[in-house]
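So the protein sequences, as listed, match chains A, B and C. Numbers 1 to 308, taken from the UniProt record's numbering, label the letters of the first sequence in order. Numbers 1 to 550, taken from the UniProt record's numbering, label the letters of the second sequence in order. Numbers 1 to 327, taken from the UniProt record's numbering, label the letters of the third sequence in order.
Don't read these hints as lab results, they were simulated from the structure. Hints are not guaranteed to be accurate.
[What the hints assert, rightly or not] Here are the computed lysine-lysine pairs in the DSS-like style, where the Cα-Cα straight-line distance is at most 27 Å:
#1 B:Lys248 <-> A:Lys158
#2 C:Lys212 <-> C:Lys229
#3 B:Lys364 <-> B:Lys387
#4 B:Lys40 <-> A:Lys92
#5 A:Lys158 <-> B:Lys231
#6 B:Lys394 <-> C:Lys143
#7 B:Lys156 <-> B:Lys106
#8 B:Lys171 <-> B:Lys106
#9 B:Lys512 <-> B:Lys387
#10 B:Lys418 <-> C:Lys212
#11 A:Lys71 <-> B:Lys293
#12 B:Lys372 <-> B:Lys387
#13 B:Lys205 <-> B:Lys171
#14 B:Lys512 <-> B:Lys418
#15 C:Lys85 <-> B:Lys372
#16 B:Lys246 <-> B:Lys171
#17 C:Lys143 <-> A:Lys7
#18 C:Lys229 <-> B:Lys394
#19 C:Lys85 <-> B:Lys418
#20 A:Lys158 <-> B:Lys530
#21 C:Lys77 <-> B:Lys379
#22 B:Lys379 <-> C:Lys85
#23 A:Lys92 <-> B:Lys231
#24 B:Lys106 <-> B:Lys248
#25 B:Lys550 <-> A:Lys158
#26 B:Lys40 <-> B:Lys550
#27 B:Lys542 <-> A:Lys92
#28 C:Lys143 <-> C:Lys212
#29 A:Lys213 <-> C:Lys212
#30 C:Lys212 <-> A:Lys7
#31 B:Lys293 <-> B:Lys110
[What the hints assert, rightly or not] Simulated restraints on C-beta separations:
#32 C:Gln290 <-> A:Leu138: 56 to 62 Å
#33 A:Gln28 <-> B:Pro239: 48 to 54 Å
#34 A:Phe67 <-> B:Gly393: 43 to 49 Å
#35 B:Asp149 <-> A:Phe67: 45 to 51 Å
#36 C:Arg175 <-> B:Asp483: 52 to 58 Å
#37 C:Arg175 <-> B:Gly250: 30 to 36 Å
#38 A:Leu138 <-> B:Ala380: 22 to 28 Å
#39 B:Asp478 <-> A:Leu159: 27 to 33 Å
#40 A:Ala299 <-> C:Phe69: 52 to 58 Å
Note that the Cβ used here is the ideal one computed from N, Cα and C, for glycine as well.
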Amino acid sequence: MWWYVAKRLLQTIPVFIGAVAILFLLLQLRQGDPVLNLAGNKPVSQEVRNAIAAQYHLDDPWYSQMFYFIKGALTLDFGNTFSGQPVMDLIKETFPVTVTLAFMALLIDAILGITIGTIAGLNRNGFFDSTALVISLLLISIPIFVLGFVMQLIFGVKLGWTSPTVGGDWTVTDLILPAIVLAIANFAYTIRLTRTSVAENLSADHVRTARAKGLSNRAVVRNHVLRNSLVPVVTYIGINLGSLMAGAVITETIFNVPGIGNAAYQAIQQGQTATVVAIVTFMVMVYVLMSLLVDLIYAVLDPRIRYA
Amino acid sequence: MRLSRRTRLAGVALIAAGSLTLAACGGGSDDKSEGGGGSKSVITVYGTNPQNPLIPTATNEVGGGDPIDNLFSGLVAYNTDGSVTNEVAKSIEPDAAKKVWTVTLKDGQKFTDGSAVTAESFVKAWNYGANPDNKQLNNYFFYPIEGTDDIGNTVKGAKTVSGLKVIDDKKFTITLKSAESDFPLRLGYSAYFPVPDSAYDSAGKITKEYGEHPIGNGPYKLTKSGWERNKQISLEPNPDYQGVHKPKNGGLIFKFYAGGGTDAAYTDVQSGNLDVLDQVPPSALTTFESDDKVKAYNEPGSSFSSLTIPERLAHFGNDEEGDLRRAAISEAINRPEITEKIFNNARTPASDFTSPVLDGWTDKVAGNEVLKFNAEDAKAKWAAADKIAKWDGKFVVAYNNDGAGNKEFTEAMTNQLKNTLGIDAEPKVYATFDELRKDVTDRTIKTAFRTGWQADYPSMLNYLGPIYATGAGSNDGDYSNKDFDKLIQEASAAEGAARYKLIGEAQAILMKDLPAIPLWYQNATAVTAKDLKGFVFNWKQKPDYYALTK
Amino acid sequence: MHETQPGTRPGQERFVAPVDETPLREIDAVDIDAVPANQWKEAWKRLRVSILFWLSVVILGVIAAMIFFPTLFTDVKPTTVDLGKSFDPASDGHPFGYNQQGYDVWSRTVYGARASVAVGFFTTILTTILGVVTGAVAGYYGKFADTIISRLSDIFFSIPLLLACIVTVSVLNNRFPDRGFWLSVLVVVLALALFAWPQITRQMRGAVLETKNLEFVDAATAIGASRMKNLWRHIVPNALAPVIVTATISLGVFIVAETSLSFLGLGLPPSVASWGNDLSAAQSQVRSGQHLRVMYVPAAALALTVLGFILLGEAVREALDPKARKK
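So that you can see chain A by itself, here it is in the shape it has in the complex (with noise of 0.2 Å):
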């Protein structure tokens, strides 16, 4: 087992270079000229353009820009924004709050997502499934920004049950508005899923022999149904804390949340590549480390597996 997440961790490491390179790759194609946007309106003369470009290796090609992306990442120096501040604490200070953000989300999508799920598929073309179906539907095809103010202006402006913004000084209440919005964009998934998951295992081998058995009804559907049809979901809410984090992009826009997910947005709009490899790095990591325990849950959940 430990020997197994230590291999794991260990294959990481070309995920991570994999994933630098790609970054490095595409932001080197893309076509602005970030000193530009420091400049704004203004001309800029050559001699001063040249001389921020190099003191951020805007102008070298991307495997050399990724080399002293990576020195420097080796001894946890990502450089410094533009504005002056290392991006470590640039990290610092946004990580958390979209992290928070994040497992919110993840937590209210499962709790609803899968009792909703389950109950749908226990009873499958039933009322209850077809409600599920529609409700589930709808939020699917509401995009978040329209749902996020249409919620922020009805939750936080009309009715001021909560504030409808986030800001600096944010605390826990705040973003329970904003992580139901990011929930919804996945929560449809979720409720599809343990509901096709738990249809299929009701008619499984397994399922009829405990039922034959003699099992309660509700030892079957806790034992046997939910346990081997949680895989699926399991891996699918798991892997999503890192797009979930991404996908906080609008909805912290929205709400005004000073989170990484605005700050990778705002440096790739300003072209600071080393910025945003280096935000992107940690989702990275939060993706190679939620993936590594969604599969050791596969071990919980499904006996048949096993690590060596």
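Once you have looked at the hints, place chains B and C on chain A.
Just chains B and C, lined up with the frame of chain A:
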């Protein structure tokens, strides 16, 4: 001494100022501070995380610019109407040729660290800003001074600007490249602020620490918490401040909105979490004036939008065909329809190349009927151009999508061109400002593109010279007209009515050549909390922060 | 790396009650007389009698008609525009009035189906093909293939989809400056697919891992089926069910993703009529609460399309599921 000799305000400016006064009076007796005594409230205002260190010569974007304007005082301070009053300067006197200006400083001026503001504080900071080795983005503002190149860098090989000479602690001279009668108008801009000695390290570089905790001489200073990245910048009144913008409030907090999200900020004003938002998001333009949760402000503003069709483009050269086609396109755009339907009248159709809030502005520029929608004439001109060389292909207008409202108006405009001229026209999106600007500055852009200008100092000439003069820094369309250059040069040196007459003649040339097609003036729009008083737009479309109270 | 241990399995020591005495008769009654021939042929047989299937066919038929024969629905061209009619209310021949730019809302929605469905459809096809092949190979062969594919999919999946798309679309946009309808769609499809396939891979791999331990695969191996045959004949079809469900929902999600990209200004260009463009243009109406029909109409079309595909996926999944074979 008031340096502006123009005490009389021009038409629109007067109306603007009139409504400003009314707005300010609407608050009633604003000195009746609640709680009694000196406990004045702190005002939270919209801001964005600064993209550069907080050094006057290093930043020209609003996120850092707004705090810097409140942390520092220059030689002169801008009044609400754009005229200037001496601030740190006791006097700024020109020689007879208006080329050499002698600056004398007031006594007893101090930075917040206690050190004196001297002639050296200014000259050293300007030399630092103009030297390209220091990578300062505001060097451009030094270009009128002798010893700098076209973009305001110290001339090759020099470390300092030869036009700047310290006479003694309280006196220095500025020598200009050419005569300029309203030069002091420039001196309130942030690039011209002084920097204390403590800012520099032993190698003569401004330190990183200073860029994070700047020490200034302005109406405000940083609080202990100061600049909290990605959160806010907190300012408190500077007790030693002697100038004209004495704070009436207990301090300012620039609250940052991620990605400049004015939508979130608008919601915050509605729910009482933010006092001032100085730019209304497009999504609220139709409703903000009737929104009973906020106080709304909507006035003519100082920024100018235009459409530039470079002369390099086929069919748009500097010849009869190009002139006809430019005029046809200008006449095919129904400006009032766009400003009404797309911007809900938060823009005003342009009738010249400058801005209605400026002294000397008039809507009677010769030849400006080319800016009026005229479908028949547009078609006729396009047809006449077709006789010279047949048009084929598509008329494409590029815009950057990270600017609010750009997509909507570009789409509406190209649709109007399609409908009126019967040609194929479409918008082209650039994701970000810098991607568009790179193609523009590299001259690789193969389409027309949107352009805009926000003045650096309140003078009509600032809307003309830097954009349309031959070889000027922001002349994106590579326009060149000797007559125009000459008129601008003369207008710079002239004063009063004579100057405005010359500017009018220069603009008449632009109306004929249309190096850029004027579209509209952007209104200054804002919303504030219901209980906020003293909100006044200044010429920069910014509130006079010091005057805000609650 | 996964290594499975065939030890004791639940159900190996099973106790089988007499078939006639249990209430499970219906689901237990496998049709042992049926010809074990073509699985897909059988699936079709079952599809033909599915209500879900026909419902989805009707919905998708309508959408398809919008795509291929838009003139059946509206006489107004999507390019006809008059800013003067901005937000004008419904009138004869214009059932939902006009949007801000002065386009006919209904006409834009009808013609917008083409681009929006194309983005969803082609992205789904691309990701599913890539995902199923890579996932099946990784899950079944394990070892080296699994390591390579898993790491590769990790690399692409670990970079968050939305951020990756923002970068990719803006890069591709610059590469293809003057692009027409299909090139515009392709740019969005490629950007989405490039970073979305690992999700299917991951799921397929998980499902294959699970399926390959089931008894019938052991049985097939025992009677000498080749590994290749085993994979494609027995494992993939059985592992495909959750993938089809994900894929059909993804189709909706990709259409919605295009609207999110449009919100950030990186979707299809304004010259292409699409639901994403119309929805993101309608966002400012949400705050003012006026003229909300400019949002409802494309949103309803979007919801209906997503519904159609989910229902189809559901029906196909049931038809393909061997365990659902009933008498």
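Structure-based check of all given hints:
1. B:Lys248 <-> A:Lys158: With Cα atoms ~33 Å apart, Lys248 (chain B) and Lys158 (chain A) exceed 27 Å; violated.
2. C:Lys212 <-> C:Lys229: Holds: Lys212 (chain C) and Lys229 (chain C) sit about 13 Å apart, inside 27 Å.
3. B:Lys364 <-> B:Lys387: Violated. Lys364 (chain B) to Lys387 (chain B) sits at ~32 Å, over the 27 Å cutoff.
4. B:Lys40 <-> A:Lys92: Violated, because 35 Å separates the two Cα atoms, which is more than 27 Å.
5. A:Lys158 <-> B:Lys231: Status holds; Cα separation ~26 Å.
6. B:Lys394 <-> C:Lys143: violated, 56 Å
7. B:Lys156 <-> B:Lys106: With Cα atoms ~34 Å apart, Lys156 (chain B) and Lys106 (chain B) exceed 27 Å; violated.
8. B:Lys171 <-> B:Lys106: holds, 10 Å
9. B:Lys512 <-> B:Lys387: holds, 20 Å
10. B:Lys418 <-> C:Lys212: violated, 61 Å
11. A:Lys71 <-> B:Lys293: violated, 53 Å
12. B:Lys372 <-> B:Lys387: holds, 24 Å
13. B:Lys205 <-> B:Lys171: holds, 24 Å
14. B:Lys512 <-> B:Lys418: holds, 23 Å
15. C:Lys85 <-> B:Lys372: Answer holds: Lys85 (chain C) to Lys372 (chain B) is near 20 Å, not above 27 Å.
16. B:Lys246 <-> B:Lys171: Satisfied, since the Cα-Cα distance of roughly 25 Å is no more than 27 Å.
17. C:Lys143 <-> A:Lys7: Distance ~13 Å between Lys143 (chain C) and Lys7 (chain A) Cα, so the pair holds.
18. C:Lys229 <-> B:Lys394: violated, 55 Å
19. C:Lys85 <-> B:Lys418: holds, 16 Å
20. A:Lys158 <-> B:Lys530: The hint holds at about 16 Å.
21. C:Lys77 <-> B:Lys379: The hint holds at about 23 Å.
22. B:Lys379 <-> C:Lys85: holds, 22 Å
23. A:Lys92 <-> B:Lys231: holds, 13 Å
24. B:Lys106 <-> B:Lys248: Holds, because 23 Å separates the two Cα atoms, which is no more than 27 Å.
25. B:Lys550 <-> A:Lys158: holds, 24 Å
26. B:Lys40 <-> B:Lys550: It holds: about 8 Å lies between the C-alpha atoms, which stays within 27 Å.
27. B:Lys542 <-> A:Lys92: It is violated: about 33 Å lies between the C-alpha atoms, which goes past 27 Å.
28. C:Lys143 <-> C:Lys212: holds, 15 Å
29. A:Lys213 <-> C:Lys212: holds, 26 Å
30. C:Lys212 <-> A:Lys7: holds, 24 Å
31. B:Lys293 <-> B:Lys110: The given pair, whose Cα atoms are some 42 Å apart, is violated under the 27 Å limit.
32. C:Gln290 <-> A:Leu138: 56 to 62 Å: Given about 23 Å between the Cβ atoms, the range is violated.
33. A:Gln28 <-> B:Pro239: 48 to 54 Å: holds, 51 Å
34. A:Phe67 <-> B:Gly393: 43 to 49 Å: holds, 45 Å
35. B:Asp149 <-> A:Phe67: 45 to 51 Å: violated, 35 Å
36. C:Arg175 <-> B:Asp483: 52 to 58 Å: violated, 43 Å
37. C:Arg175 <-> B:Gly250: 30 to 36 Å: violated, 54 Å
38. A:Leu138 <-> B:Ala380: 22 to 28 Å: At 53 Å between Cβs, range violated.
39. B:Asp478 <-> A:Leu159: 27 to 33 Å: violated, 56 Å
40. A:Ala299 <-> C:Phe69: 52 to 58 Å: Holds, since Ala299 (chain A) and Phe69 (chain C) (Cβ atoms, about 54 Å apart) stay within the stated range.
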